[in-house]
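> In order, the protein sequence lines correspond to chains A and B. My numbering puts the first residue of the first sequence at 1, with every later residue one more than the last. My numbering puts the first residue of the second sequence at 1, with every later residue one more than the last.
One should not assume that every hint holds.
To be verified - With beta-carbon atoms standing in for the labels, derived distance ranges:
id	chain 1	residue 1	chain 2	residue 2	range
1	B	Arg438	A	Ile24	26 to 36 Å
2	B	Arg53	A	Ile24	48 to 58 Å
3	B	Asp654	A	Ile24	43 to 53 Å
4	B	Arg393	A	Lys25	31 to 41 Å
5	B	Asp284	A	Ile24	47 to 57 Å
6	B	Asn445	A	Lys25	29 to 39 Å
7	B	Glu444	A	Val17	34 to 44 Å
8	A	Lys25	B	Phe649	34 to 44 Å
9	B	Asp654	A	Val17	19 to 29 Å
As the list claims (entries may be wrong) - Computed cross-link-like contacts, DSS-like style, restricted to lysine-lysine with a CA-CA straight-line distance of at most 25 Å:
id	chain 1	residue 1	chain 2	residue 2
10	A	Lys25	B	Lys630
11	B	Lys342	B	Lys279
12	B	Lys394	B	Lys7
13	B	Lys753	A	Lys25
14	B	Lys387	B	Lys261
15	B	Lys619	B	Lys387
16	B	Lys261	A	Lys25
17	B	Lys628	A	Lys25
18	B	Lys158	B	Lys635
19	B	Lys507	B	Lys595
Said to hold, decoys possible - Residues from chain A that face chain B, not an exhaustive set, calculated with beta carbons under 8 Å:
id	residue
20	Ile4
21	Asp5
22	Val12
23	Ile14
24	Ala15
25	Val20
26	Leu23
27	Ile24
It should be emphasised that the hints constitute simulated quantities derived from the structure, not laboratory data. We put the beta carbon where it would ideally sit given N, CA and C, even for glycine.
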Amino acid sequence: MSAIDYIILAAVAIAVVLAVIYLIKNRKSGQECSGDCANCKRNCGK
Amino acid sequence: MTIKDLKAGQSAVITAVGGDGALRQHFLDMGVIPGTEVTVEKFAPMGDPMEIRVHDYELTLRLADAEHISVTTSKDVEALTHTVKKVTESHHPGLGESGKYHEKSTENPLPEGTVLTFALVGNQNCGKTTLFNQLTGSNQHVGNFPGVTVDRKDASIKGHPDTLVTDLPGIYSMSPYTVEEVVSRDFVLTEKPKAIINIIDATNIERNMYLTMQLLEMNIPMVIALNMMDEMTGNGGSVDINTMEALLGVPVVPISAAKNKGINELIDHAVHVAYYQEKPLRQDFCDESDHGGAVHRCLHAISHLIEDHAAAAGLPVRFAASKLVEGDHLIEEKLNLDPNEKDMLEHIKIQLESEVGLDCSSAIADMRYDFILKVCASAVKKPAESKERIRSRKIDKFLTGKYTAIPAFVVIMMTVFWLTFNVVGKFLQDLLAQGIDRLSVITENALISANANEVVRSLVIDGIFNGVGSVLSFLPVIVITFFLLTLLEASGYIARVAFFMDKLLRKIGLSGRSIVPLLIGFGCTVPAVMSTRTLPSERDRKMTVLLTPFMSCSAKLPIYSFLIATFFPGKGALVMGAVYFLGIAVGVLVALFMKGTFFKGEAVPFVMELPNYRLPSPKNVIRLLGEKAKDFIRKAFTVILVSTVVIWFLQSFDLHFNFAAKSGADSILQHVSSFLVPVFRPLGLGDARICTALISGFIAKESVVSTIEILFAGSFAEFFPSIASAVAMLVFCLLYTPCVAAVNSVKRELGWKTALGMVVWQCSIAWVLAYAAKLIFTTVL
Numbered sequence: 001m002s003a004i005d006y007i008i009l010a011a012v013a014i015a016v017v018l019a020v021i022y023l024i025k026n027r028k029s030g031q032e033c034s035g036d037c038a039n040c041k042r043n044c045g046k
Numbered sequence: 001m002t003i004k005d006l007k008a009g010q011s012a013v014i015t016a017v018g019g020d021g022a023l024r025q026h027f028l029d030m031g032v033i034p035g036t037e038v039t040v041e042k043f044a045p046m047g048d049p050m051e052i053r054v055h056d057y058e059l060t061l062r063l064a065d066a067e068h069i070s071v072t073t074s075k076d077v078e079a080l081t082h083t084v085k086k087v088t089e090s091h092h093p094g095l096g097e098s099g100k101y102h103e104k105s106t107e108n109p110l111p112e113g114t115v116l117t118f119a120l121v122g123n124q125n126c127g128k129t130t131l132f133n134q135l136t137g138s139n140q141h142v143g144n145f146p147g148v149t150v151d152r153k154d155a156s157i158k159g160h161p162d163t164l165v166t167d168l169p170g171i172y173s174m175s176p177y178t179v180e181e182v183v184s185r186d187f188v189l190t191e192k193p194k195a196i197i198n199i200i201d202a203t204n205i206e207r208n209m210y211l212t213m214q215l216l217e218m219n220i221p222m223v224i225a226l227n228m229m230d231e232m233t234g235n236g237g238s239v240d241i242n243t244m245e246a247l248l249g250v251p252v253v254p255i256s257a258a259k260n261k262g263i264n265e266l267i268d269h270a271v272h273v274a275y276y277q278e279k280p281l282r283q284d285f286c287d288e289s290d291h292g293g294a295v296h297r298c299l300h301a302i303s304h305l306i307e308d309h310a311a312a313a314g315l316p317v318r319f320a321a322s323k324l325v326e327g328d329h330l331i332e333e334k335l336n337l338d339p340n341e342k343d344m345l346e347h348i349k350i351q352l353e354s355e356v357g358l359d360c361s362s363a364i365a366d367m368r369y370d371f372i373l374k375v376c377a378s379a380v381k382k383p384a385e386s387k388e389r390i391r392s393r394k395i396d397k398f399l400t401g402k403y404t405a406i407p408a409f410v411v412i413m414m415t416v417f418w419l420t421f422n423v424v425g426k427f428l429q430d431l432l433a434q435g436i437d438r439l440s441v442i443t444e445n446a447l448i449s450a451n452a453n454e455v456v457r458s459l460v461i462d463g464i465f466n467g468v469g470s471v472l473s474f475l476p477v478i479v480i481t482f483f484l485l486t487l488l489e490a491s492g493y494i495a496r497v498a499f500f501m502d503k504l505l506r507k508i509g510l511s512g513r514s515i516v517p518l519l520i521g522f523g524c525t526v527p528a529v530m531s532t533r534t535l536p537s538e539r540d541r542k543m544t545v546l547l548t549p550f551m552s553c554s555a556k557l558p559i560y561s562f563l564i565a566t567f568f569p570g571k572g573a574l575v576m577g578a579v580y581f582l583g584i585a586v587g588v589l590v591a592l593f594m595k596g597t598f599f600k601g602e603a604v605p606f607v608m609e610l611p612n613y614r615l616p617s618p619k620n621v622i623r624l625l626g627e628k629a630k631d632f633i634r635k636a637f638t639v640i641l642v643s644t645v646v647i648w649f650l651q652s653f654d655l656h657f658n659f660a661a662k663s664g665a666d667s668i669l670q671h672v673s674s675f676l677v678p679v680f681r682p683l684g685l686g687d688a689r690i691c692t693a694l695i696s697g698f699i700a701k702e703s704v705v706s707t708i709e710i711l712f713a714g715s716f717a718e719f720f721p722s723i724a725s726a727v728a729m730l731v732f733c734l735l736y737t738p739c740v741a742a743v744n745s746v747k748r749e750l751g752w753k754t755a756l757g758m759v760v761w762q763c764s765i766a767w768v769l770a771y772a773a774k775l776i777f778t779t780v781l
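Bound conformation, chain B alone:
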C-alpha cells in the first residue's frame, strides 16, 4: 500500500521510501522517512496532486511520486510521537555570551578590523528574508510562498559596519540536489563565513532542525534564531531554550522577526560567536544504542578512514562522513579517496544497511530525526493546533475545495484584472497620462515661445515626451498589478493556486508554479517575466519566460481595438475573444513543441510546503511596491530613453540627414522598413508605412496605432484590399515580438542570446500563422 491509496483524512505510518535520486533524497530531507506518521489532508480538485501532513506541516506531492512511498495502516505500528515534557527551570549554558562560555585567558578573538561574515541559512518560508531585512535594514522582497529568495543578497548588520550578512536561498538540507542547495552549500564550504545564523521556524521545529543537524556538522560558529516564537507561545507551546542550547551546543535565541523582537540579542550572540570563533560544542548526533549502534559505528569508522583526505580537501570530517554515507558524489570526488579506501567505504555502508535494515540515506535521515525527536522531547512543548492553521483549514475548504477552487480562482483573477485594468490602475494611468500630456503641452509652448528650433522641439516632444511618457504612464498598472499579486502571494493563496493547477499545466510540460507568471502576462509581459524568478527549476523558468509573450498583453489592446473598429465593426467581442483564444492556443502548442524538443523531460517534482494563510505586512508590501516602481522608472530613463531618441532620429531624418519632420516620409526608418516590404508582401502588408508601424511597435505596442495614424493620414482602411490582410495583421500583431521593455526583461533573466532568439522565434511564428490566416480567409471569403 502506498500513500496514493489512502483516502483524505486517513493516517498511516511510512514503511519504505522508494524511487531514487534527488526526489527520494528530498523526501527523506523533508522528514518523509520510514516510521513517520503521515495523514492525507486532501486531493487537489482535479485529483492530483495531494496534500499530506507530516511532522506537523503540510506537504504537497504528485500521485506519481506518492506511489513510491509505502505505508501501513496497521494498528500495531506505533507512530513516532513526542513525549511532551513539562518545561521546568534549567541551567543556562551561557553559550555565545561573554564571561560564561569562554574565559579571558583562553579566548581567541579574530584580529581587529576583520569583517565578520555571516551566512543566513534556513528552510524555505521560515522568515529568513524578514530577518535579513530586520538585521540589515534592507528592502528585500518577502513572500509567503516557498522559494522567494532565488539568489543571494549581502548587506551589513545595522550598527555593525564591519559585518556582512548573506541571505541564502531557503533549503531543506545540504544535499546537492537543487540549485539552491548547491549555492548555499558551496557558499558555506568555499567562502567560509565567520559564522552561520540558522533561522528555525519555531512552529515547525522538527523539520527545520534537520538542516540544523547538517549545519552543526560543518563545524562553523553558529547561532540559532528561533523565529515565530510569538506564534508558538500564543498557541500554548514553549521551548526550554537552556536545554535546547545545552543539547545542541550552540546559542539559541528566541525571536519574532516580523515583530522585531529578540533581534538585538541575536545580533549580540552572532557577533560574539563570530568574533571569538566559538564553534558548536556538538557534532556527533548518532546514538550508540540506536539500531545496535550501527549508524554510530559506520559514521565513526568512515570519519577515521577519511580524516586525512577531509583535512586536505578543507572539508569538515563529520560532514564529509555523513555525505559519503548518503552517496554524495561531489564530496567523494573532493576527497580523492584511494581505490582501497573506496572499497572499505563500500563495505562499511553495506554493513550498515544489513544491520539497520534500511538503505544508507534512510538510515542517516532516521538517525537525524531520532536525535531531533529526543531534543524536542526534552526541550519543546508542542503548541496546540495554531489559530493560523485552523483558519487556513477553514479558508482552504472553500479556496481549494473540489468544486469551488477553480471558480474561486477565476473570480479572484478577474477581480485582479478588473481592478488593475478597468478601475484603479486605469484611472491612475489615465491621470498620469493626462499629467504627462499637460506637461508636454506646457513644455511645447515654452519651447515655441523661446523660439526653439523645430528639430529640438521635435526631439523633446515627439521623441522624449512621447516615448518615455507613454511608457511611464504604465507605471500605475505595473504597481497595481504587483500590489494585488503581492497580496495574493504574501497571503499564501498563490501556493494553493500552484497546488490545484499543477495537473493541468503538467500536460504542457510545466509545473503548477508557472501559472502565476502566465496570468500576469495578460497584463504586462515585463512583470510576468520578472515573476518567473520564484520558479525553482531552470527548465521550468526558461520555458515559462518564453511562453509569457503568447499571453496577449494589455498594451496590444489599442491595436486590436483599432483594427476591429476599422474592419470588423459590430463584431468586437467575438473578434477580441478569438484573438485572446488564439494567443493561448498557440502558447499551448508551442509549449507542447518545446516539451518535445528543447525542453525534454518532465516538470520538476511538485513537492512543496503549503504555508498557512497570513495577513501580509503593510510595511513589506509598500517596500516591494517602492522597489518595483523604482526599477520601472530607472528602466524608463535608461533603456527606453536611449531607444526613443534613436527611433526619433531614424524617424525624423532622411538619408542625407535632412529633417523629415513629423510625417516620417522618406525618413531613415522608412528606408529601413522598405527592406522589410518583400517579407510582408505575402501577408498583404507589403507597404513601408505598415512596416514602420510594426517596427515602432517594438518600442511600445501602443505606438503601432499612432504611427499608422500619422503615416496613413486617415487612408488606412482603403489600403487593405481584403479582410484577409487585416486578419493577417491582427494575427501578426498578436504574436510578433514583445516590446523592447519585455525583451529587456527576458535579457535580464535569460541573457541576450535567448532574448534575441525569442524575438526571431516570435516573429517567425507570427509570420507563419499570419500567412496561414490570410490563406484561410482568402479561401473562405
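Bound conformation, chain A alone:
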C-alpha cells in the first residue's frame, strides 16, 4: 500500500463517516419529515 492508497482510503472513510453522521443527525433532529403533522410531534421546519 502506497501513500496515495492511504490518502484515498482515508478520504472515502471520511466521506462515509460524514454521510452516516449526516443520516443519523437528520434522523435524530427529525429533519426527515413524515408529512403527517397530526401524528408527528416533530417540528422539522420543512
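Based on the hints, put chain B in the right spot on chain A.
Relative to the frame of chain A, chain B by itself:
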C-alpha cells in the same frame, strides 16, 4: 330535489344541507349553506363528480355527497346577492399604525428582544406559500393545486431577525375535521403566536372571510393581507380598505404576493400589531335583529355560562362558545363543564334550533355568512367575471369536456413521458452518464499511473463511480419529470385530472387525487412517493405510496430489454406491453385487497376547489427544480454512497477478507446469496449468481443486468432450461422490491416499519406470481 338532480348550467337555491359529521361541516364551512345560490357548471366525463359554482368559486363534489344537499329552483326564492355599493371616500381607522390607533401613554409593547411569532393562516390555494416566500425569502414549493402545503414551515421575516413566521396548511375553517385544520388550530391555541397574518384571496373574499371570522374570535393580534388585489382591480373590482378595516377591527393591507406589491406595508403592520399586542376590536358578529336575535342570544348566553371554564382552559371565550354551538367535542372536553352546565348548554342549543329553524351548525355558518355579506355589501365592489375565469372556462371546455378529457389527458401524459424518457431527459441523462464514464476513465488512468493498489482502484471505480455515478445519471430524468409535472400542477391542470379520474379510482378505494403519483411511478418511484404529500387523507396517501411500486419504473426497462432480447427475440413490443399490463393489473388487485383489509372504508370525500388556470411563475418553477436536484444529490452522496461502499465490500471480498476481484466469485455477497438459492429454486432461479444479481438490483435496478453480465460471462441464456423460468424472472423483476432509493423515500414518508413491510410484501407477491407464471408456462409450453 337535490343538487344531483340539477342539469349543467342550471341554478338553484340551497334549502337544506343533510348528512352528518365532517363532510357536512366541511360543506357549511365552504359556504354551502341554506339560502345560497348554486349553479351546476358541469359533470365529469364519466358523470361523477360534478362541479358547482357557489359564492363565486368552483367546487367539486361527488354525486353521492351532492345527494345530501337539497335545493329549490322555485322562482319565489330570492338568492342572496350583494347590493353593490359604490366605493366612496371613507375614514381611515389607522389600525396597526403608530400614533393613530393607540397613544403613547396607553401602549403596552412586548419586552425588547421578544421573538415576534406569526402564524400565516388562509384558505387553500390563496397564495400563502407565495407570501411566505416573499416575507422570508424562502424557497418553498408553490402550486396551483389545493393542499400543496402539507406541513408547517418556519422562517424569519427578511430584515427582521427577531421574528418567526409559520406557514400553516391551507384550511377553510377552524373545525377539527381535517388533519390540516387540527394542526393549524392547535398551533394557534397552544403555541399562541404573537400575531396572525390572515391571507385572503381578494378575488374570492366571501368564502375566504369565513375563516377570518373564526380567527378574529381567537382574540389574537391580527392583520389581514388581501392578496391578488391586482387580479381583482384588473377585472373592475375594488375594496374600500378603510371601511373593511373599520368593520373587522383589524388592519387590512392590499397586496399582490406574486408581484411583491404591498409586502413591506404588510410587514410593518404585522410587526406593529404583534409588538404592541393590538387585539382585534371586534369579535362579536351576531346581529341582534337576525332571526329575532336567536343566534345572538344563544352565543352570548353560552359565553357567560362558560366564561370561567374558558379562562381556566386558556381558550378565547367567544371562540369556545361558537365551537360549543357547533358541537365541537374537543373544545367541550377542554372546558370540563359540570353536568348542570352541559344540560343548560343543550337547552340553549335546542332553543336556538327551534327559533331559527336550522340546526346549530347551519345557524352559526349562516350567521357568519350574513356578516360577511354585510361587510362585502359595504366595502367590496365585486369584479366582473375575471379574464382568468373566462380563459379557464374556455380551456376547460376541451380539457374536461365529455369526449375530449380522457384523450387529451392521454396525449398530455404521453408527451410528458416522451419528453422525459425519450427526448430531453434521455439526452441529458446520456450526456451526464457519458461525462461520469469519462471522469471514471480519467480517474482510473490516474490511479493506474499513480500505482494505486488494485483494491483501492476497485473501490473508487467499481464501487463509488459505478454506484453513485449510475444513480446520479438519473438526475436529469428526475428534474425533467418534476419540471413538466410542476408545469401541469402550477397551471391548474392536475386539479382537473383529479376531477375527471375520481370515479375510476374510487372503484379501487382511492380518490382522483392519487392519479398523479401513480403516473409518476411509471417514470421513477422516488418522485412518485414524494408527490403523495399533496394527498389530504392519510389513508389515501399510505395506500397510494404502497401502490406506486406496481407501476413499473423506467429503471427496470434495461432488465426487460435484456431478458426479451435473450429469450423472446422478435416479440419485444408484445412482451413489454404484457409486462406493463401485468404490473397495473396486479396493482389494481392489490388495491382491491387493501381496500377490503388494511384500508377499509371509502376514499376521502372529493370536495375540492378548482382553481383558475394560471401561468406558472418561472421563478417558482426554477426554485422547485433547484430544491429537487439538491435533495436528490444529497441523497446520492449519503445513503447511496454508504450502501454502494457496503455492497462493493461484500462483492469484492471473500469470507477470509481476501480480495475476490471483479468476478465476485466466492465473495461474501455470493455466500449470502447462496442462502437464497433454495428460496428461488422453485422459480427455476436457484443459482447464487442470479440471487446476487437480484440483490444488486436492490441498490439500483440497472445493476441487475450488469451483475448478470459479469457473473455469467456470456453463458446466461444456456443457464435457463426453459422459457418458463425466464418468464418467472421477468415477473419477479417486475414486482419485487423497489430500489433502495425508493424504499428510502417510502421510509421518509411512512417510516421504517412500513418501508420494511413493503419490501417483504413486494417480494412475497413477486415470488408467488413468478411461481404461478412458471407453473402456467410449464403446463402450456
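> Would you mind confirming whether the straight-line C-alpha gap from B/Lys628 to A/Lys25 stays at or under 25 Å?
Holds, at roughly 21 Å.
> May I ask you to test the interface hint for A/Asp5 with respect to chain B, counting a Cβ-Cβ separation under 8 Å as satisfied?
holds, 4 Å
> Would the stated hint for A/Ile14 survive a check requiring a Cβ distance to chain B of less than 8 Å?
Cβ of A/Ile14 sits 12 Å from chain B, so the hint is violated.
> If I claimed the Cβ atoms of A/Lys25 and B/Phe649 lie 34 to 44 Å apart, would that claim hold in this structure?
violated, 24 Å
> Could you say whether the range 34 to 44 Å given as a hint is met by the Cβ separation of B/Glu444 and A/Val17?
Given range 34 to 44 Å: violated, Cβ gap about 25 Å.
> Assuming the hint says 31 to 41 Å, is it satisfied by the Cβ distance from B/Arg393 to A/Lys25 or not?
violated, 51 Å
> Using 8 Å as the Cβ threshold, decide whether A/Val20 counts as touching chain B.
With Cβ-Cβ at 6 Å, under 8 Å, it holds.
> Could you tell me whether the CB distance from B/Arg438 to A/Ile24 stays inside 26 to 36 Å?
The hinted range 26 to 36 Å holds for B/Arg438 and A/Ile24, with Cβ atoms some 35 Å apart.
> Take the C-alpha atoms of B/Lys387 and B/Lys261, compute the straight-line distance between them, and say whether it is at most 25 Å.
holds, 21 Å
> Would the hint linking B/Lys342 and B/Lys279 be met if the CA-CA limit is 25 Å?
The given pair, whose Cα atoms are some 30 Å apart, is violated under the 25 Å limit.
> Quick check on A/Ala15 please, does its C-beta sit within 8 Å of some C-beta on chain B?
Since chain B brings a Cβ to about 6 Å from A/Ala15, closer than 8 Å, the hint holds.
> Does the CB of A/Ile24 sit less than 8 Å away from some CB of chain B?
violated, 10 Å
In this structure, the hints that do not hold are numbers 3, 4, 7, 8, 11, 16, 18, 23 and 27, in rising order.
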